[in-house]
Amino acid sequence: MNSFLAAIFLQAGYNAALVGIGAGLLGFAAGATGSFVFLRKRALVSDAIAHATLPGVGLAFILMVLLGGDGRNLAGLLAGSAITAWTGLLLMEWITRRTRLSEDTAIGAVLGVFFGIGIVLLTVIQNMSAGRQAGLESYLLGSTAGMLFEDAAIIAAGGFLALLATWILRRPMTLACFDPEYAAALGYNIRRIDLMMMGLVMAVTVIGLKLVGLILIVALLIIPAVTARFWTQRASRLIWIAGTIGGLAAYAGAAISASAPDLPTGPIIVLIAAGLFTLSLFFAPTRGVIATFLRHRLARMENA
Amino acid sequence: MPRAAKPKALPAQAAFSIRALTVSYGEKPAIISIDADFPKAAMSAIIGPNGAGKSTLLKASLGLIPRLSGLVCVADTPLDQALARIAYVPQRASIDWDFPATVLDVVQMGLYRKVGLLGRLSGQMTQRARACLDRVGMVDLLDRQIGQLSGGQQQRVFLARALAQDADLYLLDEPLAGVDAATERTVMDVLKGLRKDGKAIVAVHHDLATVQDYFDHVLLLNVRKIAEGSIAKAFTAETLNNAYGGRLSARHVKELIPNRGKA
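Protein chains in written order, with this note's numbering: chain A, 1 to 304; chain B, 1001 to 1263.
Since the hints were made in silico from the structure, they are not lab data.
Since the model is a prediction, treat every value here as computed from it, not as a measurement.
Please note that a few of the clues may not be correct.
Stated by the list, open to error - Part of the chain A face toward chain B, derived, beta carbon under 10 Å:
| no. | residue |
| --- | --- |
| 1 | 42 |
| 2 | 43 |
| 3 | 44 |
| 4 | 66 |
| 5 | 86 |
| 6 | 87 |
| 7 | 90 |
| 8 | 94 |
| 9 | 96 |
| 10 | 172 |
| 11 | 181 |
| 12 | 182 |
| 13 | 183 |
| 14 | 185 |
| 15 | 228 |
| 16 | 229 |
Note that beta-carbon positions come from the ideal geometry of N, C-alpha and C, so glycine has one too.
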């Protein structure tokens, strides 16, 4: 418990403090960006993007080893994952637009195929001499153990940049979520806005790979937004409330994980977010379950 | 999309011109080679039976759905350079009304293009949005979540959002569908006010009984163009029968056009 308190209050050393700050910024960016995915009802697209990062991680590792470098270089792995994630996103968009297949079919196909390729590559890497201690499995569920100072700095800076981009694009993205036809009539290019929105999701996913892992990042994108929806009726506030929830969950999760290094970070962050969601589900004013129940009761008593 | 040169035959007083507009859903053509000119300072109705392509015409002319061919001009300017001068009011049913937004939020969306990416929604902009809500009688409800509004109130909010754009041309998709009498009067008063200011109004309209009272100009449509022109010229028993293919009884037609009888 003491080590957990130390981590929460940034007393567990410089490195752990930076990991906490990086996690908080990343969580904030994930919550804010995820709000738009939630409002556009495209949560599963972001899940497919996340799974499409895995082949990139594997390919980047192999390439860096073949070039005689350190295969575990975070910046290199993230660049590789971004390339395959973007490829997967464009492929989904192409299938939906150019064939008669629907978007959920495209999601299923891309998610499965890319994740499959990624797992095959991880197995290949296991059999390489440089691959035995690669620790690439930690990109599936996230881990703070053995995180370097540069890694935490990359996460913090990337989270901040993603957040800045979300802030700049908030109005066109809100419009595209609420009323895409009207937005198009105003002259906004909806296809480009959607691509930018998913590009932001991809950025958050890639930056969060090390910390949250690719399997659960979709939860950190969606749960804060759904939770925030209980507390506000305005999209302009929802974004920042979701960001705060995501930031808190990621920060606390990273602290717990740092104090008990055997625990994978991603699941802990997601469970904390889910706890906040459950609290909101029951206790939120007006939209919460209890408030709704009481309102119905009151209405029935008045009518009786 | 074909981007042909401006056709020379556009009438000078037209606020909105459509040439050879064709749209097809899969194999099935929705509208075929529609030509139309909607005048300035006038209210125009697009009418026709269900599935005639009325909404399709409006959406395709705005570039919201892909067109096989066709050219659209606002006054003398090609559409893609004139979007800032058009205000579009979509059908109410096309929206998720549980979206987290208040009445004021929705009206301010009409100002997003003017504010730009980095601009702030200043007090002056909010003032303008309030003034538009005042014109449709909704200023008291500006903090209301949009899902808590009645159908008529939702339609007024959409109209206020279009007003906030301060456009020259207003395109409305069934603005009077499913609204109460009070809202119908408010909407018509606002539209008449716009006409007085010289704006052009084009509305998809379904209620044949009110066409004569509300509109100056009409486009009758059933996949192809049936008739176009002033009410006296284009809204006749003959054109109605052509458009609706005998689905209107003779008595009904006579009721619609009481003074003129059979053309």
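Evaluation of the provided hints:
1. 42: Because about 13 Å separates residue 42/A from the closest Cβ in chain B, which is outside the 10 Å limit, the hint is violated.
2. 43: Violated. Min distance 15 Å.
3. 44: violated (17 Å)
4. 66: violated (43 Å)
5. 86: Violated - the Cβ of residue 86/A stays beyond 10 Å from chain B, reaching only about 23 Å at its closest.
6. 87: Because about 26 Å separates residue 87/A from the closest Cβ in chain B, which is outside the 10 Å limit, the hint is violated.
7. 90: violated (20 Å)
8. 94: Residue 94/A check fails; min Cβ-Cβ to chain B is 16 Å, beyond 10 Å.
9. 96: Hint on residue 96/A: violated, closest Cβ of chain B at ~15 Å, above 10 Å.
10. 172: holds (7 Å)
11. 181: At 5 Å from the nearest chain B Cβ, residue 181/A passes the 10 Å test, so the hint holds.
12. 182: Interface hint status for residue 182/A: holds (6 Å vs cutoff 10 Å).
13. 183: holds (8 Å)
14. 185: holds (4 Å)
15. 228: holds (9 Å)
16. 229: Because about 6 Å separates residue 229/A from the closest Cβ in chain B, which is inside the 10 Å limit, the hint holds.
This entry does not satisfy hints 1, 2, 3, 4, 5, 6, 7, 8 and 9, going by the numbered hints stated previously.
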